[in-house]
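Q: Between the sequences and the hints, there should be enough to build the whole structure, so can you do that?
There are 2 protein chains.
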Amino acid sequence: MAKEKKFVEAITSRDEDFAQWYTDVVSKAELCDYTGVKGCMVYLPNGYAIWEKMQADLDKRFKETGVENVYLPMLIPENLLQKEKDHIEGFAPEVAWVTHGGNEPLQERMCIRPTSETLFCDHWSKTVQSYRDLPKIWNQWCSVLRWEKTTRPFLRSREFLWQEGHTIHATYEEAEERTILMQKIYKDFIEESLAIPLVAGKKTDSEKFAGAEDTYTVEALMHDGKALQAATSHFFGSGFADAFDIKYLDKNNELHSVYETSWGLTTRMIGALIMVHGDDSGLILPPRIAPVQTRVIPIAQHKEGVLEKATELMNALKVAGYAVNMDDSDKSPGWKFSEQEMQGIPTRIEIGPKDIENNQVVVVRRDTREKIVVSLDEIVTKLGEILENIQKDMFAKAKAFLDSHIDTAVTMDEMIEKFQENRGFIKAMWCGDEACEDEIKAQTGGASSRCIPPEQEHLSDVCICCGKPAKHMVYWGKSY
Amino acid sequence: MAKEKKFVEAITSRDEDFAQWYTDVVSKAELCDYTGVKGCMVYLPNGYAIWEKMQADLDKRFKETGVENVYLPMLIPENLLQKEKDHIEGFAPEVAWVTHGGNEPLQERMCIRPTSETLFCDHWSKTVQSYRDLPKIWNQWCSVLRWEKTTRPFLRSREFLWQEGHTIHATYEEAEERTILMQKIYKDFIEESLAIPLVAGKKTDSEKFAGAEDTYTVEALMHDGKALQAATSHFFGSGFADAFDIKYLDKNNELHSVYETSWGLTTRMIGALIMVHGDDSGLILPPRIAPVQTRVIPIAQHKEGVLEKATELMNALKVAGYAVNMDDSDKSPGWKFSEQEMQGIPTRIEIGPKDIENNQVVVVRRDTREKIVVSLDEIVTKLGEILENIQKDMFAKAKAFLDSHIDTAVTMDEMIEKFQENRGFIKAMWCGDEACEDEIKAQTGGASSRCIPPEQEHLSDVCICCGKPAKHMVYWGKSY
Chain A
74 MAKEKKFVEA
84 ITSRDEDFAQ
94 WYTDVVSKAE
104 LCDYTGVKGC
114 MVYLPNGYAI
124 WEKMQADLDK
134 RFKETGVENV
144 YLPMLIPENL
154 LQKEKDHIEG
164 FAPEVAWVTH
174 GGNEPLQERM
184 CIRPTSETLF
194 CDHWSKTVQS
204 YRDLPKIWNQ
214 WCSVLRWEKT
224 TRPFLRSREF
234 LWQEGHTIHA
244 TYEEAEERTI
254 LMQKIYKDFI
264 EESLAIPLVA
274 GKKTDSEKFA
284 GAEDTYTVEA
294 LMHDGKALQA
304 ATSHFFGSGF
314 ADAFDIKYLD
324 KNNELHSVYE
334 TSWGLTTRMI
344 GALIMVHGDD
354 SGLILPPRIA
364 PVQTRVIPIA
374 QHKEGVLEKA
384 TELMNALKVA
394 GYAVNMDDSD
404 KSPGWKFSEQ
414 EMQGIPTRIE
424 IGPKDIENNQ
434 VVVVRRDTRE
444 KIVVSLDEIV
454 TKLGEILENI
464 QKDMFAKAKA
474 FLDSHIDTAV
484 TMDEMIEKFQ
494 ENRGFIKAMW
504 CGDEACEDEI
514 KAQTGGASSR
524 CIPPEQEHLS
534 DVCICCGKPA
544 KHMVYWGKSY
Chain B
74 MAKEKKFVEA
84 ITSRDEDFAQ
94 WYTDVVSKAE
104 LCDYTGVKGC
114 MVYLPNGYAI
124 WEKMQADLDK
134 RFKETGVENV
144 YLPMLIPENL
154 LQKEKDHIEG
164 FAPEVAWVTH
174 GGNEPLQERM
184 CIRPTSETLF
194 CDHWSKTVQS
204 YRDLPKIWNQ
214 WCSVLRWEKT
224 TRPFLRSREF
234 LWQEGHTIHA
244 TYEEAEERTI
254 LMQKIYKDFI
264 EESLAIPLVA
274 GKKTDSEKFA
284 GAEDTYTVEA
294 LMHDGKALQA
304 ATSHFFGSGF
314 ADAFDIKYLD
324 KNNELHSVYE
334 TSWGLTTRMI
344 GALIMVHGDD
354 SGLILPPRIA
364 PVQTRVIPIA
374 QHKEGVLEKA
384 TELMNALKVA
394 GYAVNMDDSD
404 KSPGWKFSEQ
414 EMQGIPTRIE
424 IGPKDIENNQ
434 VVVVRRDTRE
444 KIVVSLDEIV
454 TKLGEILENI
464 QKDMFAKAKA
474 FLDSHIDTAV
484 TMDEMIEKFQ
494 ENRGFIKAMW
504 CGDEACEDEI
514 KAQTGGASSR
524 CIPPEQEHLS
534 DVCICCGKPA
544 KHMVYWGKSY
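Same order as they appear, the protein sequences are chains A and B. Residue 118 in the numbering used here sits at position 45 of the first sequence, with consecutive numbering throughout. Residue 549 in the numbering used here sits at position 476 of the second sequence, with consecutive numbering throughout.
Keep in mind that a hint or two might mislead.
[Claimed, not checked] Once the Cα atoms are required to be at most 27 Å apart in a straight line, the calculated DSS-like pairs of lysine-lysine come out as:
no.	chain 1	residue 1	chain 2	residue 2
1	A	Lys111	B	Lys320
2	A	Lys444	A	Lys465
3	B	Lys209	A	Lys126
4	B	Lys111	A	Lys209
5	A	Lys209	B	Lys404
6	B	Lys404	A	Lys320
7	A	Lys222	B	Lys199
8	A	Lys111	B	Lys199
[Said to hold, decoys possible] With the C-beta cut set under 7 Å, the calculated list includes, among others, these residues of chain B facing chain A:
no.	residue
9	Val143
10	Pro146
11	His173
Quick caveat, the hints were computed from the structure, so don't treat them as lab data. Where is the CB? At the ideal position from N, CA and C, for every residue including glycine.
A: Take a look at the structure:
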């Protein structure tokens with residue numbers, strides 16, 4: 074069988090060739106597949122199920138803060154895209170253009186949305202009139218398209234899935250508060266559910282979203298020491314509102330601009346899960362985001378009573394609310410273990426004739442490979458504890474890795490040297506000048522400013538690059 | 074206030090001008106709004122929330138039968154679309170073409186998916202090898218684009234939201250079974266959750282999906298007597314598989330074609346909900362699909378204790394699992410009632426000082442306007458019963474309407490006369506010839522064959538149109 078052949082070959086070692094290891098995991102865990110169109114992927118059942126879990130979790134968190142879901146069109150007429158100057162400059166080079174509908178050329182070409190600020194603004198400019206119409210706290214789950222030159226599964230593709238939230242508010246303060254709230258929701262979601270620890274802060278001007286006044290970011294660290302921008306929340310002030318003329322009458326019948334935000338998280342977080350938690354046996358999923366939390370694997374299933382007992386166990390776990398399935402195919406147990414491990418299912422439960430005799434099962438943790446013998450009478454409650462422990466331990470492990478890969482530098486030589494060793498984040502002082510960011514990037518072989526954290530430390534008085542007075546302590550890193 | 078002004082004007086009467094009434098409800102219940110691009114709508118929170126409820130309900134039914142969700146790209150290269158002859162003929166005139174990516178012209182133009190058979194087939198042709206890879210039972214929730222000339226909110230738009238299921242199987246029988254199963258799932262969902270009764274059957278050849286061997290349909294009847302195709306399930310045999318060369322090796326190492334199905338349901342069902350259940354006060358939503366099942370409306374809310382008690386009630390209902398909200402704005406109670414009615418929320422609960430004194434509330438049913446006095450001690454259980462009754466009664470009412478609008482005809486004159494009165498479905502015999510379908514359409518002012526039901530009746534020996542021997546009894550109707 075072609076499929077069996079695939080598994081016999083082991084995947085590339087993570088420490089040997091991180092990029093190849095990543096591609097191997099994506100392919101052998103059957104998360105996604107390539108298509109004839111560069112940068113447009115097929116999200117396979119195993120990959121899409123992870124996204125569905127992320128959606129459900131995040132959507133609940135959104136709705137608890139008053140977010141309402143909507144859906145806006147995928148097509149943006151060229152004149153709309155051009156209304157906000159910085160925005161069009163940022164996006165025009167990377168949009169796909171629709172020029173024909175049916176057999177007829179369009180009077181005005183339209184792009185497939187790379188992001189939807191302009192569409193939301195256009196709608197609001199026609200519908201918002203009074204303070205009673207505010208705030209609008211809207212979000213949509215959809216796909217967007219950006220004509221990237223180089224692409225990688227989940228991390229950078231032309232079409233990707235995401236959510237984009239867009240809000241308008243009566244005051245500057247309320248909009249700024251929402252921007253910061255959404256950054257916090259992303260941080261909580263990613264740390265609590267994906268077990269990925271983060272550093273958080275504001276982007277520098279050169280790294281901001283096209284058209285934003287401020288961009289708040291959360292940044293994760295991959296196992297190879299590279300940073301990954303995990304989610305961003307943008308504060309627009311009234312820039313878009315003015316470009317689109319979105320005004321409201323307040324209680325005193327005075328006309329004001331609205332203040333706007335937008336915020337998004339994408340399927341690249343599936344890539345982050347792989348690169349933070351995975352190992353040489355494949356993916357490792359945190360239990361809270363795993364579409365399947367445990368797989369029952371019968372041992373010597375041809376023997377009398379084994380399959381019955383295994384099925385009974387699976388059903389009991391299902392009824393108790395666990396996401397569980399069973400592999401009763403005719404493959405060997407070792408083969409089944411490899412598949413379960415490759416797919417990152419957090420636990421497996423082995424049950425064979427001897428276990429049944431002793432009224433027990435063997436639970437194997439995917440993260441530590443620890444084998445835990447559990448009485449069949451206790452498995453329903455015990456499994457919950459084991460999954461909770463895995464979730465906690467996976468976060469602790471990733472947090473320890475992150476903490477041990479945050480360093481400081483006070484001279485350029487120190488910084489250059491440390492980035493040669495691929496050391497993760499480096500904290501260093503910066504004057505606020507974009508020229509120094511460019512210089513640092515050039516000298517370190519690509520390290521960029523990741524964020525300015527709210528917890529500022531005074532590492533030195535001067536910018537690490539130019540020696541002028543320092544304004545901010547910045548996290549620097551090479552990034553995906 | 075602009076918004077208040079909107080409500081003061083009553084909507085058009087349903088019996089006076091059905092089309093205008095429909096548009097009024099869509100707009101005043103704030104379900105969707107137009108954009109600058111013809112046929113591309115904004116799904117507003119009230120409208121999108123209905124779609125989310127439909128998604129959750131249907132997705133659960135799908136997954137119980139082994140469906141797995143995936144996501145395939147929105148772009149289809151022209152050569153792929155052209156691989157199946159009937160398919161390209163059916164869709165080429167109504168697709169939108171992408172010709173430029175960024176600033177560069179594409180080597181091959183691509184269309185935005187009007188449906189994704191070709192993409193699924195392309196993927197499977199590269200990945201399916203053995204009987205072990207079968208079946209694939211996949212589905213995606215996404216939007217598609219068809220460059221329609223005339224458009225109407227929810228019923229016919231250029232971009233619309235839907236789910237499209239695609240499956241491949243080792244045998245003809247298994248694929249046919251899946252096609253019929255999906256028709257049943259749609260019927261159950263639409264009748265049980267949307268409270269919309271249906272007639273079901275097969276499409277005639279001329280009404281089949283482009284490329285299908287058989288199309289199974291469920292058809293609903295709108296209040297104006299017009300039919301609406303509610304969902305379809307297509308059996309492709311091995312037509313697509315042969316065009317795309319999707320073959321598998323069976324257990325004896327022999328090469329076979331796979332058999333394929335696809336099936337879909339779209340946001341036009343929101344339009345169906347309006348047109349089957351709505352009245353002159355607006356939308357009426359069946360409780361099982363209503364995003365909000367009850368709205369608490371405090372009466373004389375400025376009086377001491379009223380808001381507290383109303384909030385307490387709302388929280389108790391929330392905890393019990395009801396979808397509930399409260400309108401404690403400074404509008405008048407009458408105003409609040411109108412809004413709740415327009416939005417189709419199945420019940421409201423009025424609670425004022427006198428009610429509190431008597432330890433009671435007044436529940437008002439949206440469908441019948443019946444006022445039911447309920448003790449505060451019993452409201453949590455009683456509300457559930459009331460909602461169940463509404464669901465049951467709404468279906469019964471729609472079923473009675475449908476049954477009273479199914480008639481028979483044995484001569485063309487009879488059929489023509491009955492369709493002049495806009496009588497819903499007419500059952501009549503047909504020879505199987507497409508020319509007769511065209512003739513019937515011409516003579517009745519647009520009635521088409523809706524379906525050939527499995528429960529065949531013998532109304533006469535001959536085709537109603539040509540007088541040749543009859544092959545089938547067919548449901549005929551004018552349709553959306």
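Q: Would you mind marking each hint as holding or not holding in the structure?
A: Hints versus structure:
Of the pairs offered as hints, the one joining lysine 111/A and lysine 320/B holds, with about 25 Å between alpha carbons and a cut-off of 27 Å not exceeded. Taken as a hint, the lysine 444/A and lysine 465/A pair is honoured in the structure, with Cα atoms around 18 Å apart against an allowance of 27 Å. With a C-alpha separation of about 21 Å, the suggested pairing of lysine 209/B with lysine 126/A holds against the 27 Å cut-off. Proximity of lysine 111/B to lysine 209/A is assessed by CA-CA distance (about 24 Å); at most 27 Å being required, the pair is judged to hold.
Between lysine 209/A and lysine 404/B, the direct Cα distance comes to roughly 20 Å. Compliance with the 27 Å bound is thereby established for this hinted pair. Annotation: proposed proximity of lysine 404/B to lysine 320/A holds, straight-line Cα distance about 23 Å (limit 27 Å). Simply put, lysine 222/A and lysine 199/B have alpha-carbon atoms about 25 Å apart, close enough for the 27 Å limit, and the pair holds. About 16 Å separates the Cα atoms of lysine 111/A and lysine 199/B, which keeps this hinted pair within 27 Å; it holds.
The criterion of a C-beta within 7 Å of any C-beta in chain A is met by valine 143/B, whose closest approach is roughly 5 Å, and the hint holds. Satisfaction of the interface hint for proline 146/B is found here, the shortest Cβ-Cβ separation to chain A being roughly 4 Å, below the 7 Å cut-off. Using the Cβ-Cβ criterion of 7 Å, the hint placing histidine 173/B at the interface with chain A is satisfied: the shortest such distance is roughly 4 Å.
In the structure shown, no violation is registered for any of the earlier numbered hints.
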